[in-house]
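**Student:** Required output: the full structure, derived from the provided sequences and hints.
With the first letter of the sequence shown counted as 1, position 68 gets the number 68 in the UniProt record's numbering; the numbers rise by one all the way through.
Keep in mind the hints are simulated off the structure, nothing from the lab.
The C-beta atom is built at its ideal place from N, Cα and C for all residues, glycine as well.
Computed beta-carbon distance windows for the label pairs:
1) E136 <-> H197: 19 to 27 Å
2) K232 <-> K123: 50 to 58 Å
3) R180 <-> K201: 18 to 26 Å
4) Y28 <-> V156: 26 to 34 Å
5) S236 <-> F182: 22 to 30 Å
6) H34 <-> G237: 49 to 57 Å
7) K35 <-> M229: 47 to 55 Å
Think about it this way: if two alpha-carbon atoms lie no more than 27 Å apart in a straight line, the pair counts; the simulated DSS-like pairs of lysine-lysine are:
8) K51 <-> K71
9) K250 <-> K201
10) K82 <-> K51
11) K67 <-> K82
12) K123 <-> K55
13) K196 <-> K244
14) K250 <-> K196
15) K71 <-> K201
16) K67 <-> K113
17) K188 <-> K51
18) K232 <-> K139
19) K123 <-> K82
20) K35 <-> K82
21) K228 <-> K139
22) K163 <-> K123
23) K201 <-> K228
24) K149 <-> K228
25) K35 <-> K51
26) K82 <-> K113
27) K67 <-> K188
28) K163 <-> K250
29) K196 <-> K232
30) K163 <-> K139
31) K149 <-> K196
32) K139 <-> K250
33) K201 <-> K51
34) K232 <-> K188
35) K123 <-> K35
36) K51 <-> K123
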Amino acid sequence: MNAKYDAIGKGYNDTRTADPYLLERLHYHLNPIHKGWYLDIGCGTGNYTSKLHTKEANFIGVDPSQKMLEKAQNSHPDIVWKLGTAENIPLENNSMEGVIGTLTLHHWSDLEKGFSELFRVMKNYTNVVFFTATPEQMKGYWLNHYFPKMMEASIVQMPSLEKITQAMSTAGFPDVYLERYFIQPDLKDHFLYVGKHDARKYLDASIRNGISSFSHLAHQEEVQKGLKMLEKDIASGAIDNIIKSYENHKGDYLFLLSQKEV
Numbered sequence: 001m002n003a004k005y006d007a008i009g010k011g012y013n014d015t016r017t018a019d020p021y022l023l024e025r026l027h028y029h030l031n032p033i034h035k036g037w038y039l040d041i042g043c044g045t046g047n048y049t050s051k052l053h054t055k056e057a058n059f060i061g062v063d064p065s066q067k068m069l070e071k072a073q074n075s076h077p078d079i080v081w082k083l084g085t086a087e088n089i090p091l092e093n094n095s096m097e098g099v100i101g102t103l104t105l106h107h108w109s110d111l112e113k114g115f116s117e118l119f120r121v122m123k124n125y126t127n128v129v130f131f132t133a134t135p136e137q138m139k140g141y142w143l144n145h146y147f148p149k150m151m152e153a154s155i156v157q158m159p160s161l162e163k164i165t166q167a168m169s170t171a172g173f174p175d176v177y178l179e180r181y182f183i184q185p186d187l188k189d190h191f192l193y194v195g196k197h198d199a200r201k202y203l204d205a206s207i208r209n210g211i212s213s214f215s216h217l218a219h220q221e222e223v224q225k226g227l228k229m230l231e232k233d234i235a236s237g238a239i240d241n242i243i244k245s246y247e248n249h250k251g252d253y254l255f256l257l258s259q260k261e262v
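**Tutor:** Next up, the structure:
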């Protein structure tokens, strides 16, 4: 994961700003009512970390990419940033008042070990909130029509909801709750399905460069071919029918919520 995001780090903050609605939901589910330390695991450049950080709820950002952390440190020197992975968190036992993670689970090498580490560093009766997507949800993205190999590669690396919940259960989290999220037209964080309602966004190279799926070198030939098809369908209006054919009620992403109860 660190090599991939080291590669796309340039310009990342230009398109991956924290989205206000996602911030509100993360804060709501985290419910940081206690003073102390909170963890953002897989924090990247700290766009969400910095917005949630307050004098009462001090955040620590942990990420395996040195380049991402350097950007985070330069932008927000008042926050503690640490090099580390979900499977090896450089924090003490029972030290965190809660945990968030945005679009990070698919980068973990070992879900069970990662959730066990989170369980270890969390205090009792504290919340964990993840924002992610499942393979089933991603199969419902109309991007599959134009970039099938790229999407297949992205879907394969996403852990299923069953694997996630099983790993959380094994680690000690008793119950997992779900909140579906559907992409909104005013989404400020330009991650993979940002163009659900406005396909023209994918014609913007700066947006694509901030999305690991598009920036992956192995798929560049298909991406360029797909972009030409997409541009043609936008011009003709055919894109509207393509988008409509992929409508579903499974949600585009999910909030996964649980609590450490001992």
